[in-house]
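Residue numbers (our numbering), protein chains in the order written: chain Z, 1 to 223; chain G, 1 to 100.
It is possible that some hints are incorrect.
DSSO-like cross-link-like pairs, simulated, lysine-lysine; straight-line CA separation at most 27 Å [what the hints assert, rightly or not]:
#	chain 1	residue 1	chain 2	residue 2
1	G	K67	Z	K100
2	G	K67	G	K30
3	G	K30	Z	K121
4	G	K30	Z	K128
5	G	K9	Z	K101
Worth flagging that the hints you see were computed from the coordinates, not collected in a lab.
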Amino acid sequence: MADSETPLAVHEPELRHHFDDSAQQFESSVLGMWVFLVTEVLFFGGMFGAYTVYRNLYPEAFASTSHFMNVTIGAINTAVLIFSSFTMVLSVRSAQLGQKKALIIFLILTLILGCVFLGFKYVEYHEKWVDHHVPGPSFRYEDTRYVHQAQILFFLYFAMTGMHAIHMIVGAGLLTALIVMSARNRFSAAWYTPVEMIGLYWHFVDVVWIFLFPLLYLIGHTK
Amino acid sequence: MNHHVVSVKVYAAVFAALLALTLTTVAVSKLELGEFNFIVAITIAVIKATLVILFFMDVRHATDLTKLFVGAGLFWLAILLVFLLSDYFSRGWLPGPGWL
Chain Z
1 MADSETPLAV HEPELRHHFD DSAQQFESSV LGMWVFLVTE VLFFGGMFGA
51 YTVYRNLYPE AFASTSHFMN VTIGAINTAV LIFSSFTMVL SVRSAQLGQK
101 KALIIFLILT LILGCVFLGF KYVEYHEKWV DHHVPGPSFR YEDTRYVHQA
151 QILFFLYFAM TGMHAIHMIV GAGLLTALIV MSARNRFSAA WYTPVEMIGL
201 YWHFVDVVWI FLFPLLYLIG HTK
Chain G
1 MNHHVVSVKV YAAVFAALLA LTLTTVAVSK LELGEFNFIV AITIAVIKAT
51 LVILFFMDVR HATDLTKLFV GAGLFWLAIL LVFLLSDYFS RGWLPGPGWL
């Protein structure tokens, strides 16, 4: 902890001089990251709101689309994403303890699990494409009463899981950057702020999926 | 810097709880419970999200200012959803055109 008498030249190399100490610098980053995540909460919140409105406007059409959701892949992907959050939190812990090798291993594991999630997502999207369930000119629907209403619900499905998948792709890019930075010895127990921030982002994307999974795949499934 | 280094056991327990809750929510969705299917699914999702936010995102060790921002975010989300849905869900509660 630097007090006001400490000469500037003595401060730790990673401490920017406009902060009192490393703890304050770190807390400022956490706060800033949360401000960004709150905007993301409201961004996804708008789509969840739209989804709930249409689900209540067209309950029968909604129930009929739920038969075409692949619950098995959805559940496996939920487990994969939770596992990746676990490895992410272990990366942050390794960074806190200054364990470089463990940090890199856990970051790579997290990246691999993220790619597994996207791979399963590709399989699901491909199923929808083959079945003509992608909204647009080639959209077909088995129950002819609900063609238009089902198209709205599939549009919401692609908008929500698509935005989530884009966030996963961005996260995979950020993880790659972290792996390169770790390999170049950029992090230490004294400074690992990017690992913590990208960890927060990764967990947020996990939280979005925790709500997407029951809403899109599970509710109305028995009808 | 002095950080709360949380033991691997705590993270592993949270991970196990999240997996168990995922299995539970899938199992419950196979049962025919009417409106309760929705309530149970959302309740489990809220519990899972709370676990991730408190333990994995470490909000329980965050500063009061960060906690305030997280709470404010959720409050604004509630404003968005409550006002939006109270409009759509209450349509048709009043008599038809000509009532006013």
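How the hints compare with the structure:
{"no.": "1", "hint": "G/K67 - Z/K100", "result": "violated (30 Å)"}
{"no.": "2", "hint": "G/K67 - G/K30", "result": "violated (37 Å)"}
{"no.": "3", "hint": "G/K30 - Z/K121", "result": "holds (23 Å)"}
{"no.": "4", "hint": "G/K30 - Z/K128", "result": "holds (23 Å)"}
{"no.": "5", "hint": "G/K9 - Z/K101", "result": "holds (20 Å)"}
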